[in-house]
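Novice: So you can see what is in the structure, the chains are spelled out below.
Number of protein chains: 2
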Amino acid sequence: MRTLKLTIAYDGTRFVGWQRQTEGVSIQGLLEAALGRFEGGPVVVHGAGRTDAGVHALGQVASAIVGCGHEPAAILKGLNAQLPPDVRVLSVHEEDAAFHARFSARAKTYRYLVRNGPLASPFERGLAWHVPEPLDVTRMQAAAAVLCGTHDFAAFQSSGSTVATTQRTIRSSVVTTSSAATACSPSAGVAGLLLSYEVTGDGFLRHMVRAIVGTLIDVGRRRLSPEVMVSLVEGGSRAAAGATAPAHGLFLVRVDYD
Amino acid sequence: MRTLKLTIAYDGTRFVGWQRQTEGVSIQGLLEAALGRFEGGPVVVHGAGRTDAGVHALGQVASAIVGCGHEPAAILKGLNAQLPPDVRVLSVHEEDAAFHARFSARAKTYRYLVRNGPLASPFERGLAWHVPEPLDVTRMQAAAAVLCGTHDFAAFQSSGSTVATTQRTIRSSVVTTSSAATACSPSAGVAGLLLSYEVTGDGFLRHMVRAIVGTLIDVGRRRLSPEVMVSLVEGGSRAAAGATAPAHGLFLVRVDYD
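Residue numbers (the working numbering), protein chains in the order written: chain A, 3 to 260; chain B, 3 to 260.
Treat the hints as calculated values from the structure; they're not laboratory data.
Every residue gets a Cβ at the ideal spot worked out from N, C-alpha and C, and that includes glycine.
Careful, some of the hints might be misleading.
Said to hold, decoys possible - For the chain B half of the interface with chain A, some residues (derived, Cβ under 10 Å), not all of them:
hint	residue
1	Ala11
2	Asp13
3	Leu60
What the hints assert, rightly or not - Far from chain B, some chain A residues (derived; all Cβ distances over 10 Å):
hint	residue
4	Val89
5	Arg127
6	Ser174
Claimed, not checked - Listed below are the simulated DMTMM-like cross-link pairs for lysine to aspartate or glutamate, each with C-alpha atoms no more than 25 Å apart in a straight line:
hint	chain 1	residue 1	chain 2	residue 2
7	B	Lys79	A	Glu41
8	A	Lys79	A	Glu41
9	B	Lys79	B	Glu96
10	A	Lys79	B	Glu135
11	A	Lys79	A	Asp258
12	B	Lys79	B	Asp98
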């Protein structure tokens, strides 16, 4: 048996999320079906991150144990021939038997896009959260920087979650902006800024990135002070943080391994 | 009566094109219906360029003669409230009675996006033409530059077209590239380059930009030499040029008036 590492990009708009469910189309389900045709039998595909419905990936990683003898390049080509155009396998590599996409992951990077201006772009409908009110980006950048380091992120966890610990280590947490009109971007056409929040950490609680973004936007709108982040990561309550930002602005950018 | 100038952005993916047709949804039809509700009666909206099915706009311009007394800002807000999210009115201005979106236009700028790499991005499905073969961009840039000036563009016109003259003046004709991964672009996720061809001219023949792009790609693939452009604009035949590139990579970027 061989262990394969798959790197995958997808537009999450029309899917129920990464994870296989009884109803609706999942990315895991599509990959398992496509890989199962190579294998001639059922295959389980494990993803590094279980992205929710509407969440996208630029570099999701999945692992699968297979018996088939095809070259990785042939598997890559065969999978893409079977998958719909909103899911693309970017690479297939053979790994050690110990490799597991989720348990071997050392860090993940997420990006969240916010269109800030009076109008939503017709080209970003499922890809960026439209926030029409003016945002103070400098305040948001100060608040984002507070999250770096090891903290208790319980205030940014969905209610009802049960995990062993809510402590996580964030390596990088940065808000950047770009103007709407770039030479090669079809996203232009509307005034305003495209804000990008990018965060790298050893792990994330359920809906954590979206709760951070909701809080950053409240800081940008001056509903919360940047200092609120300090108290939130020192044992603050979920209610003291901002609302969970919508799923469709979120991208799983990259998963790092040793 | 007042003459309004509307600037409009749209994702052309699901439309039959700008122009009202007996079947299917057109951008002109949507705007006429939305403006008609302000007017309380039928309104005709004239577009600067009749974009085909699948073609997008970042700055299409339209004119309409109306009797209603609403402020332009109120019309802008009201139109966007009625229109679907893949069509946005960016601005509404009152113009002289002589203004006509099509006949007053002095220049138009189109952009065509090409994803050049082994895989198509899941985020660019309807927005860029995927060309997997390696392209020689320097050859394409040399060929694009030949088009500047006043030439006979009959070789880039759809067969069956009947226009008074096939002479047009091109002010700018440039191929640029950007790498796949930019900080704020969700288009990343695949390797390769995003090529952008941008052309400004006083007017364009039917399918002219797409025929130019098809020819540029054949130059980039080394099926045609860059010098072919010289003979094409000196009375070459349609058959000597490249095939018409698909509609979905094309954007009407801007329309200029005096």
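Novice: Quick one, are lysine 79 of chain B and glutamate 41 of chain A close enough, alpha carbons at most 25 Å?
Specialist: The given pair, whose Cα atoms are some 55 Å apart, is violated under the 25 Å limit.
Novice: Classify the hint on alanine 11 of chain B as holds or violated, based on whether any CB of chain A lies nearer than 10 Å to its CB.
Specialist: Since chain A brings a Cβ to about 3 Å from alanine 11 of chain B, closer than 10 Å, the hint holds.
Novice: For lysine 79 of chain A and glutamate 41 of chain A, compute the direct alpha-carbon distance and say whether it is at most 25 Å.
Specialist: At roughly 15 Å apart (the allowed maximum being 25 Å), glutamate 41 of chain A and lysine 79 of chain A satisfy the hint.
Novice: Next item in the hint list is aspartate 13 of chain B. Is there a CB on chain A closer than 10 Å to its CB?
Specialist: holds, 4 Å
Novice: For the pair we were handed, lysine 79 of chain B and aspartate 98 of chain B, check the Cα-Cα distance against 25 Å.
Specialist: holds, 22 Å
Novice: Non-interface claim for serine 174 of chain A: all C-beta distances to chain B beyond 10 Å?
Specialist: At roughly 13 Å from the nearest Cβ of chain B, serine 174 of chain A sits farther out than 10 Å, so the non-interface label holds.
Novice: With chain A as the partner, please determine if leucine 60 of chain B meets the hint condition of a C-beta pair closer than 10 Å.
Specialist: This hint holds: leucine 60 of chain B lies near chain A, its Cβ roughly 4 Å from the closest one there, short of 10 Å.
Novice: Measure nothing beyond the straight line between the CA atoms of lysine 79 of chain B and glutamate 96 of chain B; if it is 25 Å or shorter, mark the hint as holding.
Specialist: holds, 15 Å
Novice: Against the 25 Å threshold, does the CA-CA distance of lysine 79 of chain A and glutamate 135 of chain B hold or violate the hint?
Specialist: holds, 15 Å
Novice: A cut-off of 10 Å on Cβ-Cβ distance, and arginine 127 of chain A was said to be off the interface with chain B. Does that hold?
Specialist: The claim is violated: arginine 127 of chain A sits with its nearest Cβ about 5 Å from chain B, within 10 Å.
Novice: Would the least Cβ to Cβ distance between valine 89 of chain A and chain B come out above 10 Å?
Specialist: violated, 6 Å
Novice: CA of lysine 79 of chain A to CA of aspartate 258 of chain A, is that 25 Å or under?
Specialist: holds, 24 Å
In summary, the numbered hints that this structure violates are 4, 5, 7.
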